[in-house]
Amino acid sequence: MNKPTVMLWVMVAIAFIGFLDASYLAVEHFLGLVPPCTIVAGCDTVTTSGYAAILGIPVALLGSLYYLAIICCLVGYLQTSREELLKIFRYLTIGGLLASAYFVALQLFVIHAICLYCMVSATTSTLLFLGAWIMFRPAKSAIL
Amino acid sequence: MKKGLGIWLAIGIIILLSVLAISAIVRGRATAPSPVAAGARLDAVSTTDHLLGSASAQVTLVEYGDFQCPACAVFDPMVRQLATEFGDKLAIVYRNFPLRQIHPNADSSAQAAEAAALQGKYWEMHALLYDRQKSWERDLRAKQIFAGYATELGLDQVKFIVDLESGAVKGKVEGDLQSGNKVGVTYTPSFFVNGTLIQNPTNYEGFRLLIQTALTQ
Chain A
1 MNKPTVMLWV MVAIAFIGFL DASYLAVEHF LGLVPPCTIV AGCDTVTTSG YAAILGIPVA
61 LLGSLYYLAI ICCLVGYLQT SREELLKIFR YLTIGGLLAS AYFVALQLFV IHAICLYCMV
121 SATTSTLLFL GAWIMFRPAK SAIL
Chain B
145 MKKGLGIWLA IGIIILLSVL AISAIVRGRA TAPSPVAAGA RLDAVSTTDH LLGSASAQVT
205 LVEYGDFQCP ACAVFDPMVR QLATEFGDKL AIVYRNFPLR QIHPNADSSA QAAEAAALQG
265 KYWEMHALLY DRQKSWERDL RAKQIFAGYA TELGLDQVKF IVDLESGAVK GKVEGDLQSG
325 NKVGVTYTPS FFVNGTLIQN PTNYEGFRLL IQTALTQ
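Protein sequence lines correspond, in order, to chains A and B.
Counting from 1, position 117 in the first sequence corresponds to residue 117 in our numbering; the numbering is continuous, with no gaps.
Take any residue in the second sequence, note its place counting from 1, add 144, and you have its number in our numbering.
Rather than coming from a laboratory, the hints here were simulated on the basis of the structure.
Among the clues, some could well be false.
[Claimed, not checked] To be clear about the criterion: a stretch of chain B counts as covered by chain A if any three or more of its residues have a C-beta under 8 Å from a C-beta of chain A, and this derived list gives those stretches:
(1) 148 to 156
(2) 159 to 169
(3) 216 to 223
(4) 241 to 249
(5) 324 to 334
Note that this is a predicted model, so its numbers are computed, not measured.
The C-beta atom is built at its ideal place from N, Cα and C for all residues, glycine as well.
With the rest of the complex left out, here is chain A (with noise of 0.2 Å):
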């Protein structure tokens, strides 16, 4: 394997350990159970908030669906070589680094509280925000 072909399995790695950690907030929340409060963590009071559900769809299901859209969008790419699905991968690592962002600063600022999952969640997709534009720069003419 080259190591265009590694760093796109490896940011297919970096996707599925997102995809388990948004799924196991998710199946908490669909399973209707309540986190209790403890000392070290602030999980309770972020996914029993207000800001846990959008439209009524969890927030977590909706991570768990973009982590399963990237997987797709790079193994579709290994296989066929398709240029558009790196550029769809491309511009849904935007989307995740921004909603990551606002979901931060949600805790920090709003909710005053921090989950670890959440915070796995910001990073997973921090790293493929920068993984797709850094490692995988497309030339300037085929950015748009």
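Given the coordinates of chain A, assemble chain B onto it according to the supplied hints.
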């Protein structure tokens, strides 16, 4: 083409298995018994405890709670429903376990409930604090809000404010906290049925069944 299909199939299976494994882990966590400090025994129900139901009931449910904890606020209506449904067959005891490291108003809200208790309105203040948690949880002037609740409940507001800051009330909250620490409470709400820590039920029906089972034992 076949190789491509194989990779998609493998990814599909991995994703499916991952979701199933996560579900199993989350469900397992919901039903597995929790460790309690070895050898430590829950303090017996005393006259200083706040009790709903009959002290001589066959089943005793002790809750360690924090008025600023969102999970406790979710469970509180269930606990009140248990009290209504089981009446004198169930003794419900509430002890303070303020998570002051993460909840800035945990102590003052517990003190507010204890101050109301000195004027005979503990459970009324208890319910009000949980029902309106969102309106005071992050407010720097929470004590003023609690004083407003005291007036609403028909309490002597001046006495309430003095009691809220009194050593006796602070001592009661601290005593509850220490009794929870002694038995290894680390989260809220923590429920003990007849002295045994239970895993928090996921809904009212689960809670009801737990009490029903304890009644038949």
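Here is how each hint holds up against the structure:
no.: 1; hint: 148 to 156; result: holds (count 4)
no.: 2; hint: 159 to 169; result: holds (count 6)
no.: 3; hint: 216 to 223; result: holds (count 3)
no.: 4; hint: 241 to 249; result: holds (count 4)
no.: 5; hint: 324 to 334; result: holds (count 5)
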